[in-house]
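Enquirer: The listed protein sequences correspond, in order, to chains A and B. As numbered in our numbering, the first sequence has no gaps in its residue numbers, which increase by one up to the final residue, 235. As numbered in our numbering, the second sequence has no gaps in its residue numbers, which increase by one up to the final residue, 423.
Keep in mind the hints are simulated off the structure, nothing from the lab. From the three backbone atoms N, C-alpha and C, an ideal C-beta is built for every residue, glycine too. Do not rely on the hints blindly, as some may be mistaken.
Below, a list of computed lysine-lysine pairs in the DSBU-like style, where the Cα atoms sit at most 30 Å apart [what the hints assert, rightly or not]:
1. B:K339 <-> A:K13
2. B:K339 <-> A:K230
3. A:K110 <-> A:K13
Covered by chain B, per the in silico footprint, the following chain A stretches (three or more residues, Cβ under 8 Å) [as the list claims (entries may be wrong)]:
4. 35-46
5. 65-79
6. 125-131
DEER-style ranges, computed between Cβ atoms [unchecked claim]:
7. B:P399 <-> A:L35: 31 to 37 Å
8. B:A255 <-> A:M231: 35 to 41 Å
9. B:G416 <-> A:D61: 41 to 47 Å
10. B:L398 <-> A:P57: 39 to 45 Å
Listed here are the chains, written in short residue letters.
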Amino acid sequence: MTIKQLLSRINWKGQPKYLHPAYTSTLKRAPQQPLIPLPHTLSELTGPVYGTSDIGPLDHDLTRNAVRNGQPIGERIIVTGRVLDDSGSTVPNALLEVWQANACGRYIHKVDQHDAPLDPNFTGAGRVLTNAKGEYRFITIKPGAYPWRNHLNAWRPQHIHFSVFGANIMSRLVTQMYFPGDPLLALDPIYNSIDDEAARQRLISSYAHDVTQPEWALGYRFDIVLCGSKMTVFE
Amino acid sequence: MLTQTPSQTVGPFFYDALIALGKPFVPTLVRDGAQGQRILIVGTVLDGDGVPVPDAMIEIWQADTNGYHNHPADPNYAKADPNFSGLGRCDTVNEGCFEFQTVKPGRVEGQAPHVNVRVFSRGMLIHANTRMYFGDEAAANADDAVLSLVPMDRRDTLIATLLPSNGLPTYRFNLVLKGKGETVFFTP
Chain A
1 MTIKQLLSRI NWKGQPKYLH PAYTSTLKRA PQQPLIPLPH TLSELTGPVY
51 GTSDIGPLDH DLTRNAVRNG QPIGERIIVT GRVLDDSGST VPNALLEVWQ
101 ANACGRYIHK VDQHDAPLDP NFTGAGRVLT NAKGEYRFIT IKPGAYPWRN
151 HLNAWRPQHI HFSVFGANIM SRLVTQMYFP GDPLLALDPI YNSIDDEAAR
201 QRLISSYAHD VTQPEWALGY RFDIVLCGSK MTVFE
Chain B
236 MLTQTPSQTV GPFFYDALIA LGKPFVPTLV RDGAQGQRIL IVGTVLDGDG
286 VPVPDAMIEI WQADTNGYHN HPADPNYAKA DPNFSGLGRC DTVNEGCFEF
336 QTVKPGRVEG QAPHVNVRVF SRGMLIHANT RMYFGDEAAA NADDAVLSLV
386 PMDRRDTLIA TLLPSNGLPT YRFNLVLKGK GETVFFTP
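In isolation and in its complexed conformation, chain A is listed as follows (with noise of 0.2 Å):
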């Protein structure tokens, strides 16, 4: 008998399909062929190490790590919570890289030419660790709605990207934290691309009043639960 090392891997149930048509941007890119499961090998089991070094002192302030001349208008947030793997094992070292859209709802990006102001004081750009307790914190902006061109009347919600990186390169993540009660949740196809609804839940961050500290900034939990757990099989 052997003992061999593997990580869960997705599960399809509670991800989007490539093709998704109501989101039309994929039907131009999303691979048509199946996919060919991949085995588990050391170029999977393993992924880049972050640390301390790799993160500025400010990267986790978005209201203070772009300041010129004042600060940034928009509602003061605190977004936190835990990367946990999918066995509910907390991540600690994870490396996570936020961005988003001002207060009112523009991006910094040169492309995005919706008729909303910049702020000369954000960027939405910010990145943090997570502790030897797979906690993370990041303080921003709360982020507005902003239209795209996907359909008539079209209106992102109120979203921060998340990219994520875990204990192996399996676990590997992008996605986006949604906030509780926004009407236009229901209106939107790439929320809507997961038909799940326990994963989809997954995407929305929770109102947390323990967060929220008094006379600064409202707080919000958002947990994020990686594929890549390790498993060990008898052979």
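Following the hints, complete the assembly by docking chain B onto the known chain A.
Expert: Positioned in the frame of chain A, the structure of chain B alone reads:
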């Protein structure tokens, strides 16, 4: 098992956070003193109409020249090259093109030398996952356990071409997201 957080598209506006902030997310995997044969990997991302995709992000992950990874799951972790990062990231703003400076990886567990490649873009709700093999490693490729899972008539989509070059050895690896010549993608 806990319900996994679903993937959502990287969207069109990631540049200022994922590219412009730079280190550690850069297209150069080597630092001064890195061991092994330095190479360039170049390519273009193409959509289902054969049109270059100028708003994709490519990430690569690979072993060092000896086939070791700078990660504790690798039994040779302690011997991994400290001047080699293993992970590279590049945008495709320049007409869908990307370029990585890296080293030719060693063999990992007897596999042919390969680079793990991920594609993220607007219009992709979940990233695509593939592998790049080397056109000048025909014997190793013929024995590779992962390549052998791929239908014979599609294997060439995973094999990078060594270009004529006076400088660093340069391999071309195009990524076709859909349609004629669609790149073979593995489960992400």
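Enquirer: It remains to establish, for every hint, whether it holds in the given structure.
Expert: Here is what the structure says about each hint:
1. This hinted pair does not check out: B:K339 and A:K13 have alpha carbons roughly 37 Å apart, beyond 30 Å.
2. Between B:K339 and A:K230 the alpha-carbon distance is near 29 Å, which keeps this suggested pair within the 30 Å criterion.
3. Annotation: proposed proximity of A:K110 to A:K13 is violated, straight-line Cα distance about 36 Å (limit 30 Å).
4. Beta-carbon proximity to chain B at under 8 Å applies to 11 residues in the region 35-46 of chain A; the threshold of 3 is reached and the given coverage holds.
5. Only residues whose C-beta sits within less than 8 Å of a C-beta in chain B count toward coverage, and the region 65-79 of chain A has 0 of them, not enough to reach three; the restraint is violated.
6. Coverage of the region 125-131 of chain A by chain B holds [criterion: at least 3 residues with CB-CB distance below 8 Å; count 3].
7. The given range of 31 to 37 Å is respected by B:P399 and A:L35, whose C-beta atoms sit roughly 34 Å from each other.
8. Remark: the range hint 35 to 41 Å for B:A255 to A:M231 is upheld by a beta-carbon distance near 38 Å.
9. B:G416 and A:D61 have their C-beta atoms about 46 Å apart, which keeps the hinted 41 to 47 Å range intact.
10. At about 43 Å, the CB distance of B:L398 to A:P57 agrees with the hint of 39 to 45 Å.
In summary, the numbered hints that this structure violates are 1, 3 and 5.
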